[in-house]
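J.: Generate the whole structure from the sequences, applying the supplied hints.
The lines below spell out each chain.
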Amino acid sequence: MEWLDRPLGPMRIRAWGLLANMMANALALYGLSQVLSNQGGHVLLAVGFTLSVLFIALLAVPSE
Amino acid sequence: MSNAPEGTPAHYGNRIYPLADAIPVEQLDAEADLLDALAEKPLPIRLFGYLKLGGPGFMAAAATLGAGTLTSAMLSGAAFGYKLLWVTWVAMLSGLFMMAAMARFTTHGGFRVMQKQRERHGWFMAKVLTGAIGLLAVAIVFNFGQVALGTHLIESVGERVGLHLPQSWNWPLYVALTAWISLRYGRGSRGVVFVENFMKGALVLMVLCFGACLVVVGVDWPAALHGFFIPWLPSGQQGIDIFIASSAAAIGVVDWVFYHYAGLAKGWGPKHEKLARMDTIVGLALPFVVVSFIVVSVFAATLYGKSDLPETAAALSAALVPLLGEQFAAIAFMIGFLAVPVTTSVILGVVSAIGMHEIFEWEPDVSSLRWKLCILLPQIGLFGAFLPSPILLIIVIAALLSVTNNVVGWSFFLLLNDREVMHENRSKSYIWNLGILVQVTLLNCVAIIWVFNRMELW
Numbered sequence: 057m058e059w060l061d062r063p064l065g066p067m068r069i070r071a072w073g074l075l076a077n078m079m080a081n082a083l084a085l086y087g088l089s090q091v092l093s094n095q096g097g098h099v100l101l102a103v104g105f106t107l108s109v110l111f112i113a114l115l116a117v118p119s120e
Numbered sequence: 037m038s039n040a041p042e043g044t045p046a047h048y049g050n051r052i053y054p055l056a057d058a059i060p061v062e063q064l065d066a067e068a069d070l071l072d073a074l075a076e077k078p079l080p081i082r083l084f085g086y087l088k089l090g091g092p093g094f095m096a097a098a099a100t101l102g103a104g105t106l107t108s109a110m111l112s113g114a115a116f117g118y119k120l121l122w123v124t125w126v127a128m129l130s131g132l133f134m135m136a137a138m139a140r141f142t143t144h145g146g147f148r149v150m151q152k153q154r155e156r157h158g159w160f161m162a163k164v165l166t167g168a169i170g171l172l173a174v175a176i177v178f179n180f181g182q183v184a185l186g187t188h189l190i191e192s193v194g195e196r197v198g199l200h201l202p203q204s205w206n207w208p209l210y211v212a213l214t215a216w217i218s219l220r221y222g223r224g225s226r227g228v229v230f231v232e233n234f235m236k237g238a239l240v241l242m243v244l245c246f247g248a249c250l251v252v253v254g255v256d257w258p259a260a261l262h263g264f265f266i267p268w269l270p271s272g273q274q275g276i277d278i279f280i281a282s283s284a285a286a287i288g289v290v291d292w293v294f295y296h297y298a299g300l301a302k303g304w305g306p307k308h309e310k311l312a313r314m315d316t317i318v319g320l321a322l323p324f325v326v327v328s329f330i331v332v333s334v335f336a337a338t339l340y341g342k343s344d345l346p347e348t349a350a351a352l353s354a355a356l357v358p359l360l361g362e363q364f365a366a367i368a369f370m371i372g373f374l375a376v377p378v379t380t381s382v383i384l385g386v387v388s389a390i391g392m393h394e395i396f397e398w399e400p401d402v403s404s405l406r407w408k409l410c411i412l413l414p415q416i417g418l419f420g421a422f423l424p425s426p427i428l429l430i431i432v433i434a435a436l437l438s439v440t441n442n443v444v445g446w447s448f449f450l451l452l453n454d455r456e457v458m459h460e461n462r463s464k465s466y467i468w469n470l471g472i473l474v475q476v477t478l479l480n481c482v483a484i485i486w487v488f489n490r491m492e493l494w
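The listed protein sequences correspond, in order, to chains V and D. When we follow my numbering, the leftmost residue of the first sequence carries the number 57, and every step to the right adds one. When we follow my numbering, the leftmost residue of the second sequence carries the number 37, and every step to the right adds one.
Rather than coming from a laboratory, the hints here were simulated on the basis of the structure. There may be inaccurate statements among the hints.
[What the hints assert, rightly or not] Here are a few chain V residues that sit away from chain D, every Cβ distance over 12 Å (derived from the structure):
1. G65
2. G73
3. L83
4. A84
5. S89
6. V103
[To be verified] Covered, in the sense of this in silico footprint (three residues per stretch, anywhere, with C-beta under 8 Å from a C-beta of chain V), are these stretches of chain D:
7. 241-255
8. 454-466
9. 470-480
10. 484-492
What you are looking at is a predicted structure, and each value in this text was computed from that prediction instead of being measured. Beta carbons: idealized from backbone N, C-alpha and C, even for Gly.
T.: See below:
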């Protein structure tokens with residue numbers, strides 16, 4: 057997992073991952089708001105939640 | 037770069053904060069020897085030793101247990117009874133992983149964290165998001181609420197004992213007391229310890245006073261234990277809001293950064309890491325959970341189920357006091373409650389000085405007029421004794437905090453995992469990183485929900 061700490065543009069991949077995690081969090085919360093107001097949103101919630109879990113699990117790997 | 041005094045032993049290599057220079061090296065040597073000796077002792081003796089040597093954790097607890105946190109605890113007990121008690125320990129647990137990161141920076145980093153942020157993540161992250169918003173704005177704006185509550189409580193205690201001490205008269209007493217204690221911080225070899233001991237004493241006072249009230253009103257232990265261990269939330273959006281706000285708000289930028297600098301001011305080095313971690317548990321987490329438990333329980337036992345609940349700390353305490361019956365219990369509650377804003381105002385003064393000096397890259401000198409003025413800056417909150425709290429300003433700062441706390445959390449997570457910064461002392465634990473990321477994700481959710489609210493999506 058050494059690639060996590062490689063630079064990619066202005067930031068390292070781990071920092072991009074934190075940004076991507078926040079986008080996944082936003083997707084999950086948007087889906088949740090739709091579900092709570094009975095306007096669907098189950099797919100968005102599921103995708104956002106799954107991506108959030110994946111990003112967290114990946115970003116938690118310590119640098120080698 | 038380290039500017040440790042020449043000849044300083046290697047284990048104080050990170051003695052880079054001038055406030056620690058007032059502590060003689062012999063004293064730090066003796067402390068390091070004591071820590072070595074404690075490591076061999078049985079757990080109770082070890083805990084007592086850590087309790088005695090700790091300090092920054094207690095100060096962070098005093099900062100966290102302010103008017104806002106206590107108002108939330110009172111409202112939680114009054115509105116939901118014992119059912120949300122579990123949130124206190126979950127919130128604290130999620131925050132401890134980041135506090136352990138701050139302990140690592142303090143004891144092994146060899147740097148001041150805001151300086152390192154500036155080097156690695158830019159001046160905007162260090163000076164604006166962490167310094168100006170996370171520390172300075174919080175210290176100044178949130179002190180209005182502390183002064184308003186503190187002076188209100190002095191007036192109330194005065195009424196109980198037959199003294200006429202209206203808020204418009206008693207504010208000099210409040211300001212003088214809190215400013216004097218803040219100004220003692222870092223002065224001479226005992227300056228830091230004096231303030232730490234004041235915080236320890238105040239936390240004990242809170243526990244004793246609120247505990248006395250709990251004895252008077254009684255506690256429904258089965259309901260309290262159920263609420264403490266079994267998670268429950270109101271259904272729908274309200275439950276999600278409560279969980280995310282409560283679990284993410286217990287520990288934030290002020291607590292992270294202040295804890296780090298308070299540890300540096302004690303001259304902590306690598307030998308102090310175990311002490312630093314225990315300090316976050318015994319000094320920060322335990323008092324936070326115990327005080328929150330007692331306050332929630334007192335309000336659950338008295339105001340739960342009543343209609344037209346007040347929403348401010350002053351109004352909630354005014355509603356509670358007649359229900360306590362006994363005069364001593366009412367006075368005990370108000371004195372315990374008074375310790376809350378007093379300790380927070382003291383810490384906010386120190387936070388302001390640390391923040392200002394780091395933002396403007398001034399070398400801290402506690403005897404300088406500049407340091408003293410920076411300490412006194414939050415005392416502008418004395419207007420809270422006369423005028424309504426600056427609600428608009430508080431909303432703006434709270435909003436800025438909501439959308440920036442998480443980004444500062446990212447910065448610290450990245451520093452902890454940065455090989456060029458932490459070298460062999462970087463995080464090598466998956467669980468540690470996971471714990472930090474869970475807290476950071478909760479903070480992300482606070483920021484997202486704030487934005488969604490503005491866009492009427494939440």
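J.: Hint by hint, work out which the structure violates, then give me just those numbers in ascending order.
T.: 2, 3, 4, 5, 7
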